[in-house]
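**Q** What follows is each chain in one-letter form.
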Amino acid sequence: MSAVANDAIATAVLAQFPAVQQKHADNGRAFLLVPKGDLVAVAHFLRTQKSLRFDALMDLTAYDLLKYPSTPPSDDIAVVYLLFSYQHRHKVTLKVLAPRAECEVATVSGEWPAALYFEREVFDLFGVRFPGHPSLRRIMTPDDWQGHPLRKDYLYPDSYHGVAHLRDGQHFEGSPPRGGDTP
Amino acid sequence: MTTDERPGNRADEQVHMAAVDEFLAWGKEHSLFYLLFATACCGIELMQAGGPRYDVDRLGMIPRATPRQADLMIVAGTITHKMAGRVRTLWEQMTEPRWVVSMGSCANSGGPFSKWSYSVLNGIDKYVPVDIYIPGCPPRPEALIDGVMALRERVKRYRTVGERDRTPYIVAGPEAPFGGHCKVPDFTAKKPDGGGGGSA
Amino acid sequence: MTIEASTPSGERMTLNMGPHHPATHGVLRIVVESDGEVVATCTPDHGYLHRSIEKIGECVEWPMFVPYTDRVDYVCAMNANLAYCIAAEKLLQSDPANTFVVPRRGECIRVLVAELNRISSHLVAVGAMAMDVGAYTPFLHGIAQREGVNDIFEKLCGQRLTYNYVTIGGVAYDLYDTAIDEIRRFLDQFEREMVRFNKLVTTNTIFRDRCASVATVSAAEAIAWGLVGPNLRGSGVDFDLRRDEPYGIYGELGVQVPVGQAFAGRKGSVGDAYDRYVVRLLEILESIRLCRAVLELLPPAAAKANDPIGGWQADVGKQVKRPPKGEVHVRTEAPRGEMGYFLVSDGTKALFRVRCRTGSFTAAGIFHHVMRGIFLADVVAVIGSFDIVVPEIDR
Amino acid sequence: MNGFGYAVDALAAWLAGGEPGWIALTIAVLAVWVVPILLLVFPIAALGQILERKIAAAIQRRVGPSSAGLDGPLRFGFRVLLFFLPRARQDRIFAAFCNLRPVRSLLLVSRRLGLGQFVADGIKMLGKEDIVPTGADGIVFRLAPYLALAGAFLPFCVVPFGQHLVMLETEVAALFAIAVSGIVVVALKMAGWGSGSKWSLLGGMRAVAQLVSYEVPIGLAVGGVVLWCGTMDLHAIVGQQYEPGVFSLLGWNVVQSPFLATLAAVFFIAGLAECQRSPFDMAEAESELVSGFNTEYSGLRWGLFAMAEYTEMLLIGALLATLFFGGYQSPIGEEWIVGLPVWLEVPIHGAILGVKVVTVFLVMMWIRWTLPRFRVDQVMRLSWLVLVPMCLVSMFGLAVTLLAAGGTHAGEAFGRVASRPRPDLHWLGHLAAWAVPVAIGACLVVMAKKKHGQVHPALQRLTGGRS
Amino acid sequence: MILAWIHDVVEAVQSCVSGMRTTGRFLVENLRGEGGAMSATREYPEQPAEVVGDRQRGHLVNDADRCIVCHACDTVCPVDCFKMDGERDGDNKMRASRFDIDLSKCIYCGLCVRACPTDSLSMTRTFEMDPQHEGKRFLFRRNSKQVDVRFDAPEMERLHALAAQPREALSAEDRAWLDARIDDRGQHLIGIYGLGFFTPEQKAEADAAREAKKKAKDAAAAAAKAKAAAAAAAAAPKPASVPAPAAGATPAAPAAPPAAPGAPPATKSGPDAASGGSPTP
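Protein chains in written order, with this note's numbering: chain S, 1 to 183; chain R, 1 to 200; chain G, 1 to 395; chain L, 1 to 467; chain V, 1 to 281.
Hints should not be assumed to be uniformly reliable.
Which residues of chain V face chain G? A few of them, derived with a C-beta cut under 8 Å, are [claimed, not checked]:
{"no.": "1", "residue": "L3"}
{"no.": "2", "residue": "E11"}
{"no.": "3", "residue": "A12"}
{"no.": "4", "residue": "G19"}
{"no.": "5", "residue": "A49"}
{"no.": "6", "residue": "Q56"}
{"no.": "7", "residue": "I107"}
{"no.": "8", "residue": "C109"}
Simulated restraints, written as ranges between beta carbons of each label pair [claimed, not checked]:
{"no.": "9", "chain 1": "L", "residue 1": "Y6", "chain 2": "G", "residue 2": "T14", "range": "57 to 63 Å"}
{"no.": "10", "chain 1": "L", "residue 1": "P86", "chain 2": "V", "residue 2": "D174", "range": "45 to 51 Å"}
{"no.": "11", "chain 1": "G", "residue 1": "P308", "chain 2": "V", "residue 2": "E201", "range": "53 to 59 Å"}
{"no.": "12", "chain 1": "V", "residue 1": "V28", "chain 2": "R", "residue 2": "V20", "range": "38 to 44 Å"}
{"no.": "13", "chain 1": "V", "residue 1": "A176", "chain 2": "G", "residue 2": "A301", "range": "51 to 57 Å"}
{"no.": "14", "chain 1": "L", "residue 1": "V446", "chain 2": "G", "residue 2": "D188", "range": "35 to 41 Å"}
{"no.": "15", "chain 1": "S", "residue 1": "P183", "chain 2": "G", "residue 2": "A301", "range": "24 to 30 Å"}
Hints are computed from structural coordinates only; laboratory data are not their basis.
It should be emphasised that the depicted structure is a prediction, and the values quoted were computed from it without experimental measurement.
In this text, a Cβ means the ideal position worked out from N, Cα and C, and glycines have one as well.
Construct the entire structure; sequences and hints are all you get.
**A** The structure is reproduced here in structure tokens:
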């Protein structure tokens with residue numbers, strides 16, 4: 001795991017931004033927990049700093065912590081940024097916790113244009129709004145879709161535009177929780 | 001269940017077609033132009049079927065891009081809720097002697113995505129009247145040709161005048177209108193044909 | 001080479017290269033605002049093949065998700081399987097209690113089938129681009145060659161397109177007995193065919209002028225927009241996961257990486273559609289060399305499946321009691337670029353979060369940036385040059 | 001006589017044995033004008049569909065259409081002939097007839113060759129519902145196919161099919177042919193605009209741009225030939241390409257001078273663009289415009305458009321043969337054919353022209369399955385910046401050759417065609433006419449290759465330079 | 001500038017000519033019939049399909065005799081296209097009374113075949129479903145009228161027997177019987193492979209057989225225990241008396257209450273023939 005967030009990168013970032021903490025996932029994978037406020041600053045710092053040069057956003061995704069067996073059970077949505085530097089060939093993982101009540105995380109599409117599509121997908125599937133994103137709209141689900149599917153408490157719709165979802169007489173044991181409101 | 005048990009072929013349903021109808025039906029049978037409608041994995045098998053090894057052009061089937069010139073719509077691949085309206089519009093833009101073949105489990109009944117997916121339509125016969133269902137995921141090009149051979153049985157009995165034999169027919173012998181009695185949209189409703197061209 | 005929209009009245013026509021369109025590879029809808037023949041702005045519209053594969057990843061168990069990785073990218077299903085299985089193995093091995101190791105022969109077979117599938121995937125990509133530009137015959141020759149690979153895979157694992165062959169811990173079946181010389185025969189015959197294919201398309205000036213300096217992406221732009229794989233290497237960035245972050249036995253094979261250098265000569269520029277196309281062709285030649293190298297490295301088959309050297313599958317089922325908690329991010333080089341799996345496990349039988357980042361997703365991201373001021377006919381050629389597969393975008 | 005053209009008057013006079021009455025005239029008109037179209041052009045255009053798919057299949061290493069035999073039409077014929085018998089009896093008789101040894105093999109051959117396929121396609125199009133989309137302009141939409149067909153068939157009346165089989169022998173035949181083929185432009189535009197859909201509008205616009213800009217090279221190419229032969233009457237041009245002796249091939253225009261050879265090439269390429277054939281078929285580009293101006297057409301209207309396209313190909317083939325390849329003259333020895341009686345000479349000459357036309361037809365199809373499609377601006381660039389300059393250079397070259405040749409000597413009479421003056425280049429002159437331009441051209445090409453000829457090493461590796 | 005123009009024209013002509021030559025060679029090769037290995041067109045309806053390899057993943061088939069209804073395939077199938085019920089027969093072995101595979105939902109991934117412990121589930125090489133091409137009869141089953149119809153064992157044997165023969169060979173009465181049960185317009189394409197439910201008499205007889213066997217086993221166990229106790233008693237008197245009562249106490253207790261044959265002890269009865277199996281995921 002050394003290349004993931006080795007101490008050199010962490011110390012450099014911590015020196016610059018005291019609010020950032022270096023944490024370890026359950027299997028020891030290190031990442032930087034960044035508060036929502038100075039995400040954009042950290043991102044800009046990581047991209048422009050000579051010794052770091054994280055010029056590529058490998059992946060920007062999120063996962064719902066609702067049912068995750070973490071010690072203080074939290075219902076936030078963790079937005080994960082996986083960065084890579086083609087120059088120094090090292091990686092770093094940033095995480096930002098967006099509370100379920102008002103999920104808003106500043107957009108990083110200013111730093112990496114690739115984030116435009118990633119953020120639209122996270123908004124579509126998780127409902128995390130990214131203020132500052134030029135065209136934040138649903139990318140995967142139809143535009144009049146209700147609810148954000150990848151949340152753990154998502155209820156599957158019964159029908160769409162009046163056409164039933166399941167086939168008649170079709171029943172699954174242990175089927176997904178249904179009952180969401182149908183557009 | 002051999003050929004003569006196909007619907008319409010049974011003794012009681014023997015129908016005498018006028019000579020001209022029979023000749024026209026022979027023409028239709030040997031030149032089914034299929035609409036290029038490849039959405040997912042079955043689309044690749046549809047391309048392979050058009051390729052040199054299985055060569056559906058040998059059976060007189062050419063891929064046509066516009067629904068106006070196509071007789072047969074092969075729905076090859078997964079149809080999601082967002083795409084379903086387009087399938088319906090394309091089917092309406094096709095000119096009259098038209099047939100629909102549902103290729104692959106995704107089109108038959110939602111296949112791998114029927115249980116856990118929220119966005120996949122479980123079977124396209126909720127939107128368009130399907131004539132032939134071809135099981136498989138993806139079905140081999142030979143299974144597709146097997147399905148087309150079964151469709152030819154029906155094309156043979158197409159009568160220009162009179163009621164069309166609309167019962168959907170599963171290539172696996174007797175027809176199984178998948179989810180037959182779920183809410184079937186009435187296909188005769190005349191949707192205002194937007195002037196929009198071939199592509200929906 | 002971009003032409004500014006020039007009509008005085010500025011009146012634009014919005015065209016709907018709709019979800020059903022012969023050129024787009026599958027159901028990608030592009031709303032093009034064109035001024036006569038010249039494209040002013042173009043906004044792609046996705047989601048027509050969104051089959052919620054990531055949600056399914058959270059509902060089904062670990063090994064049951066492998067058939068769905070086939071359907072994430074059905075043109076190169078072996079590479080998709082491999083990406084997920086390597087990520088799952090790494091997550092399992094992050095817990096010191098699980099001490100299984102993938103047998104050597106299994107690793108060799110994995111690389112062999114991945115490279116064979118890369119050849120057949122690039123064949124579709126290159127053939128479809130030629131067909132979009134109008135040359136129908138090379139596309140059919142590409143499809144004919146693909147049948148050769150389909151036969152080998154059909155004998156190997158029973159299916160032609162969705163293999164479900166690579167499993168967590170190795171591969172499902174061992175090579176069938178006549179596999180090695182059949183693969184060799186196919187590779188030799190395939191190399192001769194590629195020469196004819198290139199004479200027909202690559203050196204054809206009509207094709208070259210159609211793609212030269214169209215939709216040029218500079219190296220910095222490619223990195224910023226997150227392009228990967230042949231699209232990235234086409235813009236001159238010398239980066240390949242098989243060589244720079246080797247997994248499996250790629251480290252021992254010494255992968256040579258082709259990079260785009262304005263192949264179209266006077267008319268072309270680094271990073272244009274023609275460069276990406278030629279990089280894919282050079283990668284096909286490279287994959288042929290890799291397949292032959294792996295066939296030498298292949299250890300003889302052992303009787304037991306989980307024999308560390310000659311076996312092909314470490315039986316993970318028994319050795320892993322409970323999957324560990326934690327997360328992992330692994331990237332592998334799929335034909336359309338880096339396929340990165342970010343897995344989060346909460347210790348239960350089903351994964352907590354499966355995130356699959358694919359090359360086509362960011363390639364689609366750059367469309368509206370790249371397709372300004374080009375011709376309507378070029379929109380199709382550019383889509384072909386980025387080689388996008390719609391389920392990779394929509395997942 | 002009464003102005004119907006030599007062939008009709010001669011035939012009518014021969015039939016009526018003196019002053020032709022109206023019956024003789026009608027029969028003559030039918031025989032001379034209608035028969036060549038019905039016998040020579042129509043079946044070839046219909047067979048074109050099958051030839052196209054069979055050649056495509058051969059090139060792409062697959063089996064072309066081979067499942068529709070002639071048993072369908074045969075059965076229909078039996079049904080009609082034996083209408084008085086009950087159906088079961090008819091079937092038995094038909095089955096018995098099919099089991100006869102020659103009939104069975106004939107049916108099998110027709111199935112393998114796919115002869116039944118174009119019957120099946122035609123019949124299916126009859127049974128297809130041809131609709132007029134709501135947004136379309138009815139009259140324009142319905143009229144377009146017939147105009148396209150007319151534009152394709154009309155120029156055939158000036159093409160000489162044989163010594164005694166020429167519909168219209170006017171002084172302005174070449175001009176007439178080019179002018180009339182302009183109707184196709186109007187027809188395609190009507191189809192494009194009439195269909196009321198964005199795709200066909202774009203297709204229509206592209207078709208007009210392409211056709212109009214390729215009329216110019218065709219006109220210049222024909223102009224070059226007219227400059228060389230001195231007359232615009234196609235029959236006289238064919239007559240002028242007459243060369244007594246075994247190698248009558250040497251009389252053909254294309255062999256006279258390299259400039260005429262380039263004009264022939266330019267005419268062929270512009271002809272390809274004229275009938276929307278690949279690599280110029282961007283107007284009905286499958287992949288971009290769904291299928292261009294005939295997106296909205298279905299059923300028989302679309303069939304008519306396809307027929308018009310194939311007839312246009314035949315027309316280009318016929319004009320190319322007449323202007324450059326000696327019309328209906330046979331390449332080896334022409335005197336004995338001219339001497340034959342009329343009823344024998346006409347079919348032979350017709351067949352020779354037919355062979356030439358079909359070869360051009362096949363080459364066009366061969367090109368279709370090889371070359372990719374041009375883009376709009378490349379088509380325009382090719383026409384204005386490449387073909388037109390080549391025409392101008394060739395005409396300049398021809399003029400210089402004519403000046404160098406000095407006076408003209410009276411040519412030999414060719415059957416009915418009176419002898420016409422020809423530039424007198426005896427064999428030394430011909431040699432110079434060929435050697436000088438070719439030499440200049442060759443050294444230019446070598447200089448250009450030295451200056452711009454580098455090919456990227458990776459491309460050499462791809463095409464098997466050094467693997 | 002002129003040279004660039006000339007070079008473009010010459011290069012265009014050269015590349016087009018080389019392209020034409022390549023397609024020309026394809027044309028000649030194909031007409032002469034040696035089109036290379038990859039191109040031999042397989043004329044499917046005329047020639048039979050060439051299904052290569054012996055691991056072909058065609059349609060699923062279950063050999064009901066070997067199936068122990070352990071639901072392994074049910075849990076591992078991502079699409080849930082199995083519907084199975086089990087009953088215990090005479091010698092306490094589970095027997096697949098209803099085993100339906102919904103082939104319209106199956107994705108032919110082969111996970112169930114790998115998971116099946118007794119290898120009763122296997123995939124055939126057949127993909128053709130139209131009997132005109134002689135799709136194997138035992139694979140091709142008619143659709144059931146309802147998804148959850150209940151077939152008794154004798155009915156199921158008759159169904160298997162009748163469905164195996166071609167339709168013409170059936171007598172009118174058989175055909176009527178078959179059509180009554182299997183309706184052509186059934187809901188799903190289902191492969192029916194169960195052995196059928198027991199009729200009430202068969203069920204009673206199977207239970208009785210099981211009881212008898214259990215009783216015999218209990219009696220044997222009791223006898224063995226008695227013999228062991230006797231042997232222990234013989235060995236016990238030698239050592240000091242103190243441990244004896246403890247040892248004596250324990251063995252004595254179980255032996256004391258003679259196992260009442262009538263009341264089956266709660267612990268021993270095997271899982272009833274409930275259709276439940278291991279918990280679904």
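**Q** Are the hints correct? Go through all of them and say.
**A** The hints, checked one at a time:
no.	hint	in the structure
1	L3	violated, 12 Å
2	E11	holds, 5 Å
3	A12	holds, 5 Å
4	G19	holds, 5 Å
5	A49	violated, 12 Å
6	Q56	holds, 5 Å
7	I107	holds, 6 Å
8	C109	holds, 4 Å
9	Y6(L) - T14(G): 57 to 63 Å	holds, 59 Å
10	P86(L) - D174(V): 45 to 51 Å	violated, 34 Å
11	P308(G) - E201(V): 53 to 59 Å	holds, 57 Å
12	V28(V) - V20(R): 38 to 44 Å	holds, 43 Å
13	A176(V) - A301(G): 51 to 57 Å	holds, 56 Å
14	V446(L) - D188(G): 35 to 41 Å	holds, 38 Å
15	P183(S) - A301(G): 24 to 30 Å	violated, 55 Å
Going through the hint list in order, the structure does not satisfy hints 1, 5, 10, 15.
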